[in-house]
Each structure stands twice: as C-alpha cells, then as structure tokens.
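Engineer: Mapping of the sequence shown onto UniProt numbering: position 56 corresponds to residue 56, and the numbering continues sequentially without gaps.
Incorrect hints may have been included.
Computed cross-link-like contacts, DSS-like style, restricted to lysine-lysine with a CA-CA straight-line distance of at most 27 Å [said to hold, decoys possible]:
#, residue 1, residue 2
1, Lys65, Lys75
2, Lys77, Lys49
3, Lys348, Lys276
4, Lys171, Lys196
Honestly, the hints are just simulated from the structure, not real lab data.
Predicted, not measured: the structure shown is a model, and the values here were computed from it.
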Amino acid sequence: MTSRLEKLKHNSKAESDQLKPGDLVGVSKDSYLILDTMPSEYDSCSTLKLAGPQLVQMFIGGGAKLVRDAFLLAKEKSPCIIFIDEIDAIGTKRFDSEVSGDREVQRTMLELLNQLDGFSSDDRIKVIAATNRADILDPALMRSGRLDRKIEFPHPSEEARARILQIHSRKMNVHPDVNFEELARSTDDFNGAQLKAVCVEAGMLALRRDATEVNHEDFNEGSLHQHTSSVTAVTFFTPPSLSFPRNLLSASADGSVCIFDTDPFVHLKTVLVHKKAVNDLSVHQSGKLALTVGRDECLAMLNLVRGRRSFYCRLGKEASLVKFDLGGERFFMVTEEKVGVHEAEDAKLVTEFECQKRVLSAAPGEVSFLLLS
C-alpha cells in the first residue's frame, strides 16, 4: 500500500506506471486507525473520506449523486485518496428484489462501478475501501481494475499487543512490577480498541482506590472487564505442576474461555475458541487439554499450557455436552438425542447410540458414563 501511495506523490512516476484505482482493504477493527493516519504522511495528497451507510439515501438517485460528486471533487483536488469505510453497506452481492430500498442500494453500487472505470490513471486518484465482510461483496466490485487488491489486517500479535499496551499506558504512572509481556499473553484475540480499553479501565481502577500507581492487578481486572458475556460453563482442574485442583476454566456466551489461578485469584489467559456461545467444556485428567463444544456447531480442543486453540472442527450439528472419561482415553459428546463416544487422540467415533429423551447432565466413569435425561 505504501508503494502505491508513493506513486500519488510523483505525477510522472504515476503516469509511467499506469496506476489503476481500487485497493480493497479487508480489515478488522485494528486497521481503521492505520488507514485513517496513513495518508497524513503524504501531505501533498488530499484525502476524501466517505462512509458506506451515508451513501444509502431515502430518495431515488440520491446515493448515486453523492458518489458522482465525491469523484468530481477528488478530480479537482487530485492527487487524492478516496477512503470508503464500511463498503459492504452498498457493495453487497446483487440479487432480485422488489423492495425499492434494495434497488436504490444497487443503483448506488452501479454508479460506484462506473466511476471506478470512468477515470484514467493520470487523474492520480486512488480508492481505498474498508470492510470486515469481504466475503459478501459483489464480484464485479472486486474484479481487476476496480477493487482488485485485498489487504488483510489481522489481530495484533503477542509482541504487538505488548507494545500497544505500553503505548496506551505511557502517560500513566505505571508500577515497575507491571509485566506487559504477560498481559499480552492473557489478551489473546484482543484488537487495538480492546487493548486501549484495558488500559483505560486499569487507570480508573487505580483512581477508585486512591492509588498513585497502576499495578499489574489493575491491568488484569481491566482485561476481565472486556469480557462481559454471561458464563455458560465452569470447571476446576489440576494444572500439570500441581497435585490438587487450583485452576479454574470458565466459558462465556461470546465464545471465549478464561483461565484463572485461584490462589491467589488471578486471570491468566482469555482465548476466543468459538464464534458463538460455548455450551460445555471438559478438562483432560493431565490438566493440559480441554474440549469445548459451542452453538457454532463446532468441537474445539484447547491447549491449557500454551493457552491456545489447537484443534477445531465442524460437527454439522450443535452439541450440548462433552466429557472426558476418567482415564482420559475417550470422550463422549451429546448432539440432539444421540450420544457418541470418541477417541481422545484423534476424535474418531467409536460408537454411537440414541437416547429417547434429551440428556441434561452426565458424570464420567473409568469405562462408562452416567447420563441424566
């Protein structure tokens, strides 16, 4: 992207390279700040910002007129970058509809397609569009010569999360014992906005207790506040280094699983495991692995030592219960009114039988399971 923006600064180079419009940026929440501040480094380039929902107008032709006016202004101010946020508001795949509102949205997109093909490279205009639903965009919008470049901004890495936490807390009086690397490990799958909220909440907690410094526990509490979903399942387990139950595993309606140490009570890690609510979880007797099933009709295995999801597969139907046997060699899973017994090593189905009524709870044994219907 930087190389393409550089071409806007040098007209002769842009002409020689036959610059084409249309860089599609498929993004998550982390990248909006990056896209918002990047053009500021190119002071000679004007920036025109549009929001997809603003292009959806009540009256016929209103959205198309806004698109035409935007590109006309961009030509007058060239070199110019047109940034369209939430492009999916007007760029979804076309379909037959009798609703006038849907037809108006499609007319707006057709005008955008026309404008993307309607100016040459010497106009020095670049279009950057942002969305987190690139999968629903119309193929005509993403073909070569239009929005043909897709750049994905994933969630920040562990190293990046530690740096983001340091940046947002640099104006705070932070206690020397704050370990940002450890905090980064416990905020897996957090985006930039959530990490900033963790720092803000940590500062507020310190103010409420009249402290002069923000300590490590404040940051831990701040990260917990970012997980406000209701708890759907909880269990104690024995970590590999101990001989008695001390850690706690908690699943939430947002699909995340939290790991806690109960002595003292400290939040260790949060992992986003499922796309929807977690229905049930079970910990292997070794204390190293956990199985979860969710409303996204998937089975997942969680590495409790590394705090990461190590296995994820689609079942095709929602499972309500999952339990390891006491030996840890097999586990059973309840889907609708069927119970399947699986090998723990590879999740291979061993046997399956039906229940006449819905299974509400279960207790594992050495070689069998007690089911309560």
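Engineer: Hint by hint, say whether it matches the structure.
Structural biologist: Cross-check of the supplied hints:
{"no.": "1", "hint": "Lys65 with Lys75", "in the structure": "holds (15 Å)"}
{"no.": "2", "hint": "Lys77 with Lys49", "in the structure": "holds (13 Å)"}
{"no.": "3", "hint": "Lys348 with Lys276", "in the structure": "holds (24 Å)"}
{"no.": "4", "hint": "Lys171 with Lys196", "in the structure": "holds (13 Å)"}
In summary, this structure violates none of the numbered hints.
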